[in-house]
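Join the two chains, each given in its own frame, into one complex according to the hints.
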Amino acid sequence: TQLLEQSPQFLSIQEGENLTVYCNSSSVFSSLQWYRQEPGEGPVLLVTVVTGGEVKKLKRLTFQFGDARKDSSLHITAAQPGDTGLYLCAGDKVQGAQKLVFGQGTRLTINP
Amino acid sequence: GAGVSQSPRYKVAKRGQDVALRCDPISGHVSLFWYQQALGQGPEFLTYFQNEAQLDKSGLPSDRFFAERPEGSVSTLKIQRTQQEDSAVYLCASSLRGAAAFEQFFGPGTRLTVL
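Those protein sequences? They're chains A and B, same order as listed. Each number in the working numbering corresponds to the 1-based position in the first sequence with 318 added. Each number in the working numbering corresponds to the 1-based position in the second sequence with 38 added.
Just so you know, the hints here were simulated from the structure itself, not pulled from any lab data. Do not take every clue at face value.
With a cut-off of at most 27 angstroms between alpha-carbon atoms, the simulated DSS-like pairs for lysine-lysine come out as follows [said to hold, decoys possible]:
| no. | chain 1 | residue 1 | chain 2 | residue 2 |
| --- | --- | --- | --- | --- |
| 1 | A | Lys388 | A | Lys377 |
| 2 | B | Lys52 | A | Lys411 |
| 3 | A | Lys388 | B | Lys95 |
| 4 | B | Lys116 | B | Lys52 |
| 5 | A | Lys388 | A | Lys374 |
| 6 | B | Lys116 | B | Lys49 |
For reference, chain B alone in the conformation it holds in the complex (with noise of 0.2 angstroms):
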């Protein structure tokens, strides 16, 4: 497809189980970002890719959480033992080239929602 996408675009979890949020970025963009939204918020930086190198992962709220994308295409975004505080939703977006100033492509993002 032309756009980012998303997979799953909703998930139910019981509090406790592992996920997985696939994000498939637009065919040759190099950089990868991955955010969290919570409700009636802005996004946050929760980490970033430049292929496949994992050049910022600042913003993981904890451990828990664990991001790759092993051949700088497809990333997945993994949370271990899911907390109801981890209710969000999850977007992915991908530019041409690393710097913020270029344009982010969002993708729809995955409606987390731990039970």
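Bound-form chain A, shown alone (with noise of 0.2 angstroms):
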């Protein structure tokens, strides 16, 4: 059972469209994280989430943590080919823990 769900699991559509995509939890996390992912490279953070209602914009990216710190979400408008990959989101479950719990991702393709 994955403590993080993400959804969907996999998304292509064509450029200038808008996405969002989903992480959701049963469990409480102290903060959340979203990372991008290329093939053959490691994640790299996008953002860190960690107050309950909290939206944060990274240019066309908008990320929002759940009221009740559960949930996030992503929300990508007018998607670039550059945007294609996979993204994760994680979370630390108690607030100073050293390690973190990831979402199975969600590979995103934006087709030109």
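Here it is as structure tokens:
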């Protein structure tokens, strides 16, 4: 059983479209992080959200942490081929914990 | 270099062989983490070091897995008597401080294939 469930697992859309990726859990997390991973490389941190209800924007990417700190979403506006990659959410259940729990990832393909 | 480096990048082992995977963290980073990433999955935590102390090894799947960081810098993940189910990408990450909320910088991983 995955502690963090991401949906959808695969998404293929056309350039210019908008999309939302979800990361859900029945557990409360101290913080949630979103990573992007390219083939043959390690994950690269995009953002960390720590407060329930928090919204962070990174250019065309908008990240939201649920009020109850059990879920998060990533919204991409006007997707571009350069956004293609594996998007991973990860959380730490206890503040100050050292290990991250990852979702299974969403593989996003943006077609030109 | 500026980032986390791992070697080898690719390793093919016959079932039953021992392997050693190396991680060079970012200089000055106190914390070091090992994760296992199966094909099509997200990384799964294996173990965590703060300096040379292994503070959490709860994710190691069996006693065939052993990790060390004797001088608080370079770390080695050793897998004894490899099995096919050990085939995965092994990722190393380092962070400046211990808490998970601090950014972890990942290396490119070592892809292990056990035949």
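Hint check results:
1. In summary, the hint linking lysine 388 of chain A to lysine 377 of chain A is supported, as the alpha carbons are separated by about 25 angstroms, within the 27 angstroms threshold.
2. A C-alpha spacing of about 38 angstroms is found between lysine 52 of chain B and lysine 411 of chain A, which places the hinted pair above 27 angstroms, so the restraint is violated.
3. A distance of roughly 26 angstroms separates the Cα atoms of lysine 388 of chain A and lysine 95 of chain B; the hinted pair therefore holds under the 27 angstroms criterion.
4. Using a Cα cut-off of 27 angstroms, the hinted pair lysine 116 of chain B and lysine 52 of chain B holds, with the two alpha carbons roughly 15 angstroms apart.
5. Straight-line distance between C-alpha atoms of lysine 388 of chain A and lysine 374 of chain A comes to about 17 angstroms, which keeps the hinted pair within the 27 angstroms bound.
6. Our distance criterion of 27 angstroms between C-alpha atoms is met by lysine 116 of chain B and lysine 49 of chain B, whose separation comes to about 13 angstroms.
Hint 2 alone, counting from the list given before, is not met by this structure.
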